[in-house]
Each structure stands twice: as C-alpha cells, then as structure tokens.
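J.: Sequence:
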Amino acid sequence: MNKNLVIVESPAKAKTIEGYLGKDFIVKSSFGHVRDLSTKDLGIDINNDFKPVYEVMPEKKKMISDLKKIANSSETIWLATDEDREGEAISWHLAEVLGLDQAKTNRIVFHEITKSAITEAISHPRRIDQHLVNAQQARRVLDRLVGFELSPILWKKVKPALSAGRVQSVAVRLIVEREEDIRKFQSTFAYRVSGIFEVGSPIGIATIKAELSKRFSTLEEARAFLELCSKATFKVADVEKKPGKRTPAPPFITSTLQQEASRKLGFSVSRTMTVAQQLYESGKITYMRTDSVNLSQTALGMAKDEIIKQFGKEYHKSRHYTTKSKGAQEAHEAIRPTYLNQGTIDGDAAQNKLYDLIWKRTIASQMADAILEKTNIYIDISNSSEQFVAMGEVIKFDGFLKVYMESSDDDTEQTEGILPPVTKGEKLRMQQIDAVQKYAAQPSRFTEASLVKKLEELGIGRPSTYAPTISTIQKREYVVKDDREGTTRNYVQLTLKEGKIKEAVKHEKFGYEKSKLFPTDTGELVTRFLQQYFDDIMDYNFTANVEKEFDEIAQGLKVWNEMIRGFYSPFHKKVVETLESGEKAKGEKLLGIDPETGFNVYVKLGRFGAIAQLGETDSPDKPKFAGFRKGQTLDNITLDEALKLFEFPRLLGQYEDVDITVGIGRFGPYLLHKSKFCSLKKTDDPATITLVRAIALIEEKRTEGANRTIKSFAERPDVLVLNGRYGPYIAVGKNNIKIPKSTDPASLTLDACLKLAESAPAPSKKKFIPRGKNRS
DNA sequence: CAGTGAGCGAGCTTCCGCTTGACTT
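Residue 396 in numbering that gives the first Met the number 0 is what sits at position 397 of the first sequence, and the numbering runs on without skipping anything.
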C-alpha cells in the first residue's frame with residue numbers, strides 16, 4: 000500500500016517535487032484540466048439551473064484510469080494544483096472523477112518549488128474551496144454560452160465555420176478599430192526647426208544640436224523665421240543640469256516575454272512560447288505561463304550572488320515587484336532562469352537567444368538604478384523671443400543598463416549624448432539651421448505581441464491563451480499578418496547656411512509595415528455585425544465586469560448560477576431575436592454597371608472570401624463571379640478594379656504550339672502552360688504582361704526545376720536531395736527532412752539519407768486533429 | 001514551411017482555460 004499520492008498539473012513540476020518528497024510519496028500530474036463541458040450540444044442544462052454536463056476529456060481517459068488505480072491504493076491524497084480559480088477547479092474535478100471523499104482529501108498549494116516550501120505546504124493542508132470552484136464554473140459556463148450561441152448566428156448570417164467568443168471577438172475588434180483610425184487619419188504636418196551651433200572650446204570647436212520648441216504650420220512662416228535667424232546672433236541663455244535616473248523593468252511574465260522576444264528577436268508569439276516550453280521542460284527556466292512578477296527568495300539570493308560576483312556590490316539592489324494587471328491570479332513565479340549563475344545554456348540558436356533575454360531581464364531587475372545627468376542648454380535669439388533648446392544626457396553610473404535595456408514599440412525616442420561645456424551668456428556661432436516639413440505619424444497597427452499587451456491591459460485572456468487566441472483569429476481569417484511596402488512622399492526642407500536660405504524637396508518613405516495585423520473583410524463584417532446586435536459582449540469592459548462577479552462568487556457573496564441566469568436571460572433573448580430578424584451581413588453592395596454588358600456589378604463576401612459578381616443571382620443566366628486580388632477589400636475596391644477581375648483567365652498567346660493563359664488564383668496571378676503553373680513575380684501585372692515576359696518566366700521556372708534536384712538514387716526513386724526555398728533538404732516520399740549544417744548535401748549517400756530520415760522527428764500530423772485538442 | 005491554382009453552396013462548423021503528447025483512416 001502506497002502512503003501518499005500528490006497530484007500537480009505539470010509533469011515537469013511533478014518530477015522536481017518527487018525528488019524533494021522522498022519515497023513515501025508518489026507524485027503524478029493531471030496535465031491540466033481533466034474534464035470539460037460536453038461538446039455534443041451546449042453541455043449545459045439550461046432548465047436545471049445551468050447544471051454543467053461534464054465529460055472526461057478524451058485524451059485524458061487513460062491517464063485518469065491509471066490515476067484511479069494509484070489513488071485507490073494510497074492512504075492519503077494531496078491535490079497540489081495551482082492556487083487560482085482554474086487550479087482549484089482542477090482539484091475539484093479530480094476529486095469528483097477519482098471518487099475521493101472531499102472531507103478527507105488534502106488540498107495544498109506551493110508558493111515556490113523548494114524543499115522547505117513543499118514541507119511547509121504539506122503541514123498546512125486545507126479542503127477544496129467550493130466557492131472558488133464555483134467561480135470557475137461560472138467562468139466556464141459563461142464562455143460556453145457566449146461561444147456556442149453566438150457562433151451559429153454567424154454561420155447563418157455571415158459565413159459558415161466562423162466563431163465568436165468573449166476573448167477573440169474583442170481581440171478582432173481592436174484590430175478593426177485600429178484600421179478604421181488609420182483610414183480616418185488625416186496626416187497633418189508642421190515645420191520643425193533645428194540648429195547646429197558652434198562653441199569654441201580649449202580643445203577645438205564643438206557643436207551643439209538644438210531644437211526650436213515652436214513649430215510653424217506653413218512654409219512661409221518657417222522661411223520668415225529663418226530669414227530672421229540669418230540676421231541674428233545667438234547666446235547661451237541658461238544651462239540647466241538635473242539629476243535623473245532610470246529603473247529596470249520587472250522580471251518577465253508571459254505577455255512581456257512575448258513582447259520583448261518580438262521586438263528584440265523577431266519571434267512570433269507562438270514561437271516564443273514553443274521555445275520557452277522547451278527551456279522549461281529541460282529545467283532551464285521556471286514556468287512560462289504566468290502573470291506574476293514575483294521572484295522567490297531563492298531567486299533573489301542567487302541574483303544577488305551573481306550580480307556581486309560579476310559586477311560588484313554597488314550594482315546590486317534587491318527589488319520586490321508586485322503584480323498590478325487586471326485579473327492577475329499569481330499562481331506562479333515570474334519567468335526566470337532556474338539557476339541564475341548559468342549565464343548561458345547548451346541549446347539551439349533560438350533557445351540560447353531566448354534564455355539570454357530571460358537571464359538578462361531577471362538579473363537587471365535586481366540591479367541598481369542607472370544614474371543620469373540631464374543637461375538642457377537654452378539658446379537665445381537676438382531678434383526673436385523664441386528659444387532653441389539642446390538636450391543632453393550623460394550616464395554617471397550605468398547600473399542595470401550594463402546588462403539590459405527594454406525596447407519600446409515606437410522607435411521614435413532619441414536622446415542626445417554629451418553636450419560640450421558652455422557658460423551662461425556665452426556667444427554661439429550659428430553653423431546651420433534647418434526647417435523640415437514633418438508629417439504626423441498615423442496610428443500604428445498591432446503586432447501579435449502588442450495586441451497581447453493591449454489584451455492584458457484590458458484584463459482579457461490569460462497567459463495560457465494569448466498565443467492560441469492570436470492564432471485562432473488568424474485561422475478564422477478575421478485578421479492576417481502582413482507586410483506593406485510603404486510609399487514615398489515629398490517634404491520640403493529649408494536650410495540656412497552661410498547667410499543663404501536654400502529650399503529643397505526631398506523624399507521619405509512612410510507606411511512601411513512588417514508582420515503587422517490587418518483586418519480582413521470577414522473580420523470587419525463580423526465585428527460590425529456583433530457590435531450591432533451584441534454591443535455588451537463586444538464592450539472592452541465586458542470581461543472586467545464579469546470578473547468582478549466571479550470574484551464575488553469566489554468570496555461566497557454571490558451564487559454562481561444566479562449570476563449566470565442574470566446574464567443569460569437577456570442574452571438569449573437577443574440571440575433568438577437576431578436569428579429571427581437580423582439581416583444577413585454579407586457586406587453586399589452595388590458597385591456600378593458594366594458598360595459592356597449593362598449588368599450590375601456587386602461585391603460581397605462569399606464562401607472563400609470577397610468576390611465580385613456580374614449579373615443577378617436570380618436571373619436565368621447565372622452571374623459571373625471573380626475573387627479579389629491581394630490588398631483589395633470590400634471597402635476600397637473600385638468599379639474599374641472589379642471589372643478587371645472578370646478578364647481572367649485570359650489567353651495570352653502560344654508557346655511551343657500550346658496556349659499560355661494568365662489567371663488569378665488564391666495565391667495571386669499565375670501562368671498556365673502545358674498544365675503547369677507558374678507564378679508571376681511581384682513586379683508583373685497580369686493585365687499587361689507580354690507573351691515574351693511570360694515565356695521568360697516559364698523558362699526560368701524550368702531551369703529552376705532542373706536545378707532543384709541535387710541528388711537522386713536509381714534504386715529508390717522516392718528519395719531525393721532537393722534544393723528548396725529554405726535550402727537543401729531530403730525528400731522521402733511526401734516527408735521532408737532537414738540536413739544537418741555540418742553535412743554537404745551533395746555528398747549524401749542513399750544510406751545516409753535514409754538514416755537521417757529515420758532519426759528525424761515524425762512528421763507532425765496536422766490534417767486530422769482529435770476533438771478537444773485543436774489548438775497550438 | 002519545402003508548393004499551392006475551386007467555387008458561390010447540401011450539410012459541417014463553435015467557446016476559454018488548464019496542460020503536453022503522437023498511430024489510424
């Protein structure tokens with residue numbers, strides 16, 4: 000008979016804890032939630048006080064039956080899941096499923112994974128907190144009601160297979176509204192004046208760059224000011240020195256890790272989480288899904304030792320951070336290296352980079368402030384009341400900056416370095432003054448990571464769901480991650496030098512975007528639709544408001560199913576009304592008339608995206624349809640552009656006695672020749688492409704195809720060494736295998752290829768996804 | 001990741017939150 004069974008959520012945690020507890024304890028993990036609402040229908044018995052219909056999740060069945068056996072032969076069971084709403088619920092579900100007597104089952108929580116903390120927890124067991132469990136049930140039931148009643152409305156009124164939910168729909172709304180802001184944005188400009196002044200110092204001539212605080216709205220005003228300056232003398236009006244300091248950022252939590260990895264390493268949100276998971280599983284870092292900035296005593300001690308050892312005592316400052324984001328539940332520590340004396344690890348490139356980031360951020364968070372000296376030099380103009388100001392900043396003591404500096408999303412901030420010493424009243428010689436036409440920047444689009452930041456600020460979503468939410472809204476094609484080339488525009492620059500004013504027209508690029516989130520037509524339509532009929536759920540404060548009620552349930556001040564009833568009655572009424580009388584939202588509009596046929600040209604959202612339609616749906620002659628090109632939306636397409644879409648596929652000419660046609664497919668314009676496809680290049684326009692160019696493209700593709708094969712084997716025609724878009728690889732049937740960097744692809748033998756194929760990780764099967772585990 | 005290129009509707013889709021694993025048509 001086994002004495003003690005401890006159940007935690009994560010297997011990695013189970014392994015560490017088992018080491019601390021000794022042989023009287025078996026530690027197992029539940030792998031997260033073990034039961035969920037049935038998906039056969041709503042999974043909630045509405046007429047029976049919203050009684051949830053729970054089922055053991057299919058992929059957990061085996062684990063539960065194994066756990067049952069161990070539980071039955073154990074004297075004492077310790078439920079040690081996380082100390083938050085979800086963790087409490089997991090313990091309760093376990094107790095239910097394993098048939099445990101709750102009056103005898105011990106519920107414990109660890110605040111850190113150390114021997115003393117665990118022994119301490121074991122000596123203070125409690126019972127399952129049913130109020131907290133009920134708060135979780137309310138959360139779960141509410142999310143199911145919203146998701147499973149709203150989504151079918153979308154299937155009927157907009158497009159099949161769409162989805163709506165408390166979190167994802169608001170995430171999409173943020174992106175849609177940002178895009179609207181950008182569309183509405185009217186770029187304004189002002190002339191910004193800056194001057195370069197010379198000061199004679201004992202060691203030679205130094206320059207000071209200073210800005211005029213006043214901006215001019217017209218070119219004439221700017222010119223008049225420069226003319227004034229050409230006759231003016233300049234002197235130092237005042238020198239102001241102020242001490243300043245900079246403080247390190249708190250240690251990483253999930254959202255801040257995602258942001259910094261995005262800004263500094265260019266990782267997508269899901270990439271960051273995958274790599275962090277690897278680091279966690281190999282014991283390099285603490286748990287990566289957390290909203291707590293807290294560091295354990297052990298970590299503080301290790302950080303102190305490491306900082307003193309590497310940088311000296313004056314660089315250390317112990318800091319305790321507290322979590323302030325809405326809805327934070329603090330079940331874990333901040334994300335930090337397990338051993339802070341390990342500055343580097345032995346991992347792959349991505350792991351090393353992410354680890355380095357985490358190590359630096361953690362260490363910096365326990366380091367001293369950076370001490371600065373800020374200097375402002377005010378420069379008087381003899382014939383004007385305006386003033387130039389030069390701002391400088393000198394680091395007196397680098398403190399945490401020695402290790403780590405947080406990046407920001409807008410890279411506009413710029414600080415001047417050291418300013419030369421000047422004294423009040425000192426005359427300055429003007430070298431040059433520029434007045435530059437500067438346009439105000441349009442609102443910036445969200446990146447994956449900055450969207451996560453915004454969601455967290457609003458208290459929407461949890462550390463474990465940020466990455467899945469971001470991929471859901473892309474999978475549903477509500478938003479796309481895309482780049483924009485940007486366009487050039489002219490601006491005017493006036494330069495005053497050696498008594499003369501010169502005017503020049505210069506160019507600048509603007510609107511360049513890289514990996515930004517753009518709403519699709521579907522995203523915009525669905526958002527508009529949901530806002531029209533369900534504005535309360537689309538409200539940015541909806542989650543925060545229901546969270547307040549969940550908290551009251553957790554404190555025993557409210558009954559969970561009464562709260563749900565209060566929400567559901569009006570909500571469901573609206574659902575029924577919308578289904579009955581809500582108009583279909585296909586975004587259909589009449590663009591105009593085709594001058595050739597006289598038929599109406601419509602645009603609308605079809606099953607596979609936006610389409611143009613020529614003719615009437617109910618006419619005996621079926622209408623013609625054509626899909627949009629990239630970048631075209633229901634909002635921005637013109638009649639001419641729509642008419643062009645119907646010109647494809649068109650016959651271009653003949654090559655080798657066979658027709659070449661130009662078409663537009665789902666991946667852009669293409670050529671079709673001898674039943675082979677060939678994409679047009681970005682610079683080619685399918686409307687104007689010549690036969691000569693088309694033949695060149697086809698030939699190019701042929702030689703590319705010929706160069707594709709590096710090696711083939713007569714005895715195994717299905718094994719090939721190929722040159723792909725991402726470098727050489729081995730193809731065995733339909734599987735593609737990476738070639739190690741150290742190997743020369745041309746030297747590979749058949750045996751070597753097959754060996755590599757065998758040792759390669761099994762191809763991930765994404766085609767068939769079992770129910771209940773359909774994310775990542 | 002390693003190449004794709006319909007069709008405008010015949011019967012499915014969906015939520016949020018915990019957590020990692022992988023064999024059958």
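Calculated directly from the structure, the hints in this document are not laboratory data. Every value quoted in this text rests on a predicted model; they were computed, and no experiment measured them. Heads up, the beta-carbon is just placed ideally off N, CA and C, and yes, glycines get one too. Do not rely on the hints blindly, as some may be mistaken.
Okay, derived cross-link-like pairs now, DSS-like style, lysine-lysine, Cα gap no bigger than 25 angstroms in a straight line [to be verified]:
#1 158 with 39
#2 308 with 241
#3 240 with 230
#4 474 with 508
#5 588 with 557
Between beta-carbon pairs, the in silico distance windows are [what the hints assert, rightly or not]:
#6 630 with 340: 31 to 37 angstroms
#7 597 with 568: 35 to 41 angstroms
#8 508 with 678: 23 to 29 angstroms
#9 486 with 231: 36 to 42 angstroms
#10 14 with 485: 56 to 62 angstroms
#11 739 with 650: 44 to 50 angstroms
#12 583 with 543: 31 to 37 angstroms
J.: Against this structure, judge whether each hint is valid.
T.: Hints, verified against the model:
1. Taking the CA atoms of residue 158 and residue 39, the gap is about 22 angstroms. The hint holds against a cut of 25 angstroms.
2. Simply put, residue 308 and residue 241 have alpha-carbon atoms about 32 angstroms apart, too far for the 25 angstroms limit, and the pair is violated.
3. Restraint check: the Cα-Cα separation between residue 240 and residue 230 comes to about 30 angstroms, which exceeds 25 angstroms; the hinted pair is violated.
4. The suggested pairing of residue 474 with residue 508 is violated, with an alpha-carbon distance near 32 angstroms, which exceeds 25 angstroms.
5. Our distance criterion of 25 angstroms between C-alpha atoms is broken by residue 588 and residue 557, whose separation comes to about 49 angstroms.
6. Range check, residue 630 to residue 340: Cβ separation about 52 angstroms, and the 31 to 37 angstroms hint is violated.
7. About 53 angstroms separates the C-beta atoms of residue 597 and residue 568, a value inconsistent with the hinted range of 35 to 41 angstroms.
8. The hinted range of 23 to 29 angstroms is satisfied by residue 508 and residue 678, whose Cβ atoms lie roughly 26 angstroms apart.
9. Here the CB-CB span from residue 486 to residue 231 is close to 38 angstroms, well matched to the stated 36 to 42 angstroms.
10. For the pair residue 14 and residue 485, the supplied restraint of 56 to 62 angstroms is violated, since their beta-carbon distance comes to about 50 angstroms.
11. Distance hint for residue 739 and residue 650: a CB-CB separation of about 48 angstroms, consistent with the stated range 44 to 50 angstroms.
12. Evaluation of the 31 to 37 angstroms hint for residue 583 and residue 543 yields a pass: the beta carbon distance comes to about 32 angstroms.
Comparing the model with each numbered hint stated earlier shows that hints 2, 3, 4, 5, 6, 7 and 10 do not hold.
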